[in-house]
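Engineer: Residue strings, one per chain:
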Amino acid sequence: MFDITSLLSLNIIIFAPAVAALIVASPLFGTNQIYIRRFTKTFATIHLLYSLFFVAYYLYGSDNFYQEITILGNSWLSKLGINAAFGADGFTILLCAFTSLIFLFVFIISKTMIRTKHKMYYALMLVLFSSTLGIFCAKDMFVFLLFWQTELIPIFLLISQWGGVKAPKAAQKYILYNFSGSLLLMVAMISLYYYGYHANGTLSSSIDFLRIYQADNIFPELLQDIIFWCLFIGFAVKLPIIPFHTCYTSCLTEAPAPVRALISSVLINTAAYGLIRFNLDLFPELFTKFAPIIMLIAVTGILWASFGAFKQKEIVKTTAYINIVYMGFFLLGLSAANKTGFDGAFFIMFANIFVAAALSIMTGYIEQTFKTKSFQEIAGLGKFAPRLMSLSYIIIFAVIGVPLTISFSGFFLVFSGAFSADFADALMPKICTAVSFVSFILLAASGLRLLDGCFGGISQTEKKYNDITGHRLMVLLILCLFIIFFGCFPDSLMSFYSDVTDMLAEVLRV
Amino acid sequence: MNLLFFELQNVFLPEAILLIFIIFNIVATLTFGKRIYKFSSRIALFAVLLPLITITAGIAHGGYTIFSENYIQTNFTMVMRVLILMGTFFTILLSQNIIKKLRFRAFEYYTILLTSTFSAMCLVGANDFVPMFIALSGMSISNIILIAYWNKYKPKEAAIKYLISSAVGMGFFLFGASVMYGISGEMNFNLLNLHYYGQDSSLLFVLASMFMVFGMMFFAGCVPFNRWIPDVFQGSPYPVCAYLSFVPVVAGLSILARFFGNIMTEAPLMQLILSVIAILTIACGFLAIIRQTDIKRFLGYSAVAQSGLMLLGLSIFSSYGTASFVYFAIVYLFINYGIWAGGITFVACAKSDNIEDYKGLFYIRPYYTSAFVFCIAALAGLPPTAGFLSRLYLYSSAMRIDLSGLPVLLIVLLITVAGIYGYFRLIGIMFDKSAKRELFYKEQMNTKIVLYFCTLMTLVTFFFANQIIWLSMFAALDL
Amino acid sequence: MEGFLHIGLYHFMTIAIILFAMGILGLVISKNLLKILISVEIMFCGITLNLAALSVYCDITHFEGGMLALSIIMLASLLVAIGLVIALNIYKFKGTTDIDDIGELKG
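Read top to bottom, the protein sequences are chains A, B and C. Quick note on the numbering used here: the first sequence kicks off at 1 and runs consecutively. Quick note on the numbering used here: the second sequence kicks off at 1 and runs consecutively. Quick note on the numbering used here: the third sequence kicks off at 1 and runs consecutively.
Worth flagging that the hints you see were computed from the coordinates, not collected in a lab. Just so you know, not all the hints are guaranteed correct.
[Unchecked claim] In silico PhoX-like pairs for lysine-lysine, Cα to Cα no more than 20 Å straight-line:
1) C:Lys94 <-> B:Lys152
2) A:Lys317 <-> A:Lys383
3) B:Lys359 <-> A:Lys169
4) B:Lys100 <-> A:Lys166
5) B:Lys351 <-> B:Lys154
6) C:Lys94 <-> B:Lys154
7) B:Lys101 <-> A:Lys166
8) B:Lys154 <-> C:Lys92
9) B:Lys101 <-> B:Lys351
10) B:Lys100 <-> A:Lys119
11) B:Lys433 <-> A:Lys117
12) A:Lys117 <-> B:Lys359
13) B:Lys154 <-> A:Lys169
14) C:Lys92 <-> B:Lys152
15) B:Lys152 <-> B:Lys100
For reference, chain A alone in the conformation it holds in the complex (with noise of 0.2 Å):
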């Protein structure tokens, strides 16, 4: 009997985007740019198709899934007890197949938007690539670790160089915040670490065995709640959450098109499984404790990055908030502590895939066209550019939150469920839920500033400018149909992930 799971190895998928980087940043390949993206691409779409076939055996191929495809122990560092293991379930390999998608993406419309060094550019993406895999895929503490900051230099070098004028600084904040918040990741997990080992008497820094031990009260009180703290904070600075996102806004304002589609896509992305998978899983009783100030934050956050998504004078800014606004709704569902709200967290998860990766592209087209990001001097472009307007007509509906696309499943579970969270004070979730209606209200006023601004109105120069053809169309109406797909069976996502979302709400039940 030929034997399926052998030909799926997490190693490959994780580890062949690196190989990648070594080949094309090698001296052997030299520097001809056509040949690079060629090959940059080809290996996007293979990877795409081989995350594809794992996404089909999940589907279609096995009961015992995670099983099948998890690596155990690769014995990396077995003194210290730190293996190099990989796992995914289903949740994970979905995130993971939409990554290689997002980033066959930005491949594609890289061609126009990165005119220089392009070996370095594709070099530093496919390791870009590789790390946000491996944290997606990692069940090892410190390895998630690793991968974690093992993309503080690619994006430092992409920010710094392909962005605007003060890319430099933005890049060196960029690394500030996020050194810093990984610094305190890297103290919580340690803690947690010797957790385990007060717990069992072995060392290891498995999630998988740490998992078993936490019900077991070993630390004190005070101590539990500083690691809860040090990791929520650590994430936070990544996802972003309101008073760490300055550097989030001007990273984005400064990255070019490409780089500005991973980080808001992508990128953010992580630091939300981050929180689902270290806050929510490792510690449920500290999470139910703590959820109404998470909650709390969360409006804060949606309200905050509302308002900012309203006044802003320029295009990336704005996008920039909207996502913040996601996320927001993101923390909103997670801090529900039921099941719908977990749906609805994870649905925003993938929702801001796409949407945020759409709105970058598209206000990346519009950049292009203009040369400016600012809203006063763009104007009029509806006129020339039909099929951008529509596709960003589509793609705003799914900001706003329109039925029948992506994003109205995620808001309407997160709403449901924060609504009936199940707190001490229990009118709180309903304030704060009803407070954060308000957000709906900024983001369509927003959202709509943004089409109006860019398409309507009259062009005040008199130059024609061309409509998006080939693979910029492509790309963009590839998302769109995602966005409508999954709007209309959210089902399909659904079922990725129900399972996960069953276990986490059973665990904080009991």
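For this one, chain A is given, so just place chains B and C on it according to the hints.
Structural biologist: Using the frame of chain A, we list chains B and C on its own:
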């Protein structure tokens, strides 16, 4: 077990081989050096490789003492001596540019270098205050001559500063040693152990150990003495700087590790003092990196910060902490020589020490810059370099098994952010495309080999970390 | 009174500590390079005295302190000799031994 004189080869063989080569170098300097100066580098390399082979091939065993218990060989000293010899090996490889200028006087340079190495190796194995002091002063005097050897003015000033700092350090160390001798009547580490037990409450003993530690901090470049270390680096040529930032630091810290590991195994006050000194050193190092414009001072302050980190690992007083120190030292060997090799390769061509002259280096020499950036990332502790693992190991041992080191760790991590800012400033400068000036660049084979090899080894120690951590645990368990 | 005049360990140690402190003080205060070197020598003298006294009064059988004292005498003089050579070189370059004037490196 104390070996007699005719059995010395089990323990002292590496040092003896070095001694023979030092004598050969001295004789060559005085007599036939002018004829065979072209071979001086190869002879010196051989002088370093032969002891290395001796130790690693297991000709020398562990656990023996010689010279009536004055000199000991344990697993720890074997590993540390290998590190010191490899450091000197890389230094010899990096000093080829200087040797070309020295020509007939090459053997003198190698005499001084090998004497310093010899003293460092003797220091690591010292088991008594007398050989410790002799090796310490041998090492510092050789270093002073190494710094002062060159013909310009700046080395002289650097040397006098190093001399004064080293004299103060040795004075304090000796004072503490003498008081400790007065309390216990013993100078041998094996016998002091019996006298120490429970003495931590005795104020005099604590004062004596504080004086000793204060003195030893000079070699690690730690807090009371770190003001002049960047000056010393600025006044010395690059290979000497590369040597000084690794070998004396590792030797000094390892003798400290041996002293505390053998004598004061349970001394909370001492742990606290060492932690405070380590934190201050890291702070001084990283905070000063931010504003530097001279690459040598930058790397000097960075070396100060790294030695502070190693001291943090040592201040745990457990085998876990010492293992993290040994692992850090092994990784630091490659990172340090990679960084200095990068500096030499650049400076030999741009003829400038200024960081601003590194602008736009990536666009002229992409692979060299990538390797250099990799080594800087290793200094900063980012994956996928071995610097990440060494830092992780260090931090997890600093937060001890009962999590009592949490405040210390939080402070250290806060300071590390400043270090990251400084390192990324350097990386950003190298990629800065606003420089219009053309860098005149000449290929330097030796230093490039060292640079690429050290970068490769940083990656290799990352992937094969298990064996190397096994090695550090093997060393740390037998202090 | 009689007990006070009997020269014991504490007398030697007091003088040794005074010498050591004077050496350190001179090192910190002096403006002349030669004075700094002399202070270094004084510091080592204090330590030697300390060691010799302690070894006589505490460990007369093995006399290890005396061995260390001999080593210190030898190596300290070596150190200061080298320091004098370097100071001479500095004087040749700069024409002065005042430490305020000879600083070229920053800090």
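Engineer: Taking the hints in turn, state whether each one holds.
Structural biologist: A quick look at each hint next to the structure:
{"no.": "1", "hint": "C:Lys94 <-> B:Lys152", "in the structure": "12 Å, holds"}
{"no.": "2", "hint": "A:Lys317 <-> A:Lys383", "in the structure": "25 Å, violated"}
{"no.": "3", "hint": "B:Lys359 <-> A:Lys169", "in the structure": "16 Å, holds"}
{"no.": "4", "hint": "B:Lys100 <-> A:Lys166", "in the structure": "45 Å, violated"}
{"no.": "5", "hint": "B:Lys351 <-> B:Lys154", "in the structure": "17 Å, holds"}
{"no.": "6", "hint": "C:Lys94 <-> B:Lys154", "in the structure": "11 Å, holds"}
{"no.": "7", "hint": "B:Lys101 <-> A:Lys166", "in the structure": "45 Å, violated"}
{"no.": "8", "hint": "B:Lys154 <-> C:Lys92", "in the structure": "13 Å, holds"}
{"no.": "9", "hint": "B:Lys101 <-> B:Lys351", "in the structure": "15 Å, holds"}
{"no.": "10", "hint": "B:Lys100 <-> A:Lys119", "in the structure": "38 Å, violated"}
{"no.": "11", "hint": "B:Lys433 <-> A:Lys117", "in the structure": "12 Å, holds"}
{"no.": "12", "hint": "A:Lys117 <-> B:Lys359", "in the structure": "16 Å, holds"}
{"no.": "13", "hint": "B:Lys154 <-> A:Lys169", "in the structure": "36 Å, violated"}
{"no.": "14", "hint": "C:Lys92 <-> B:Lys152", "in the structure": "11 Å, holds"}
{"no.": "15", "hint": "B:Lys152 <-> B:Lys100", "in the structure": "17 Å, holds"}
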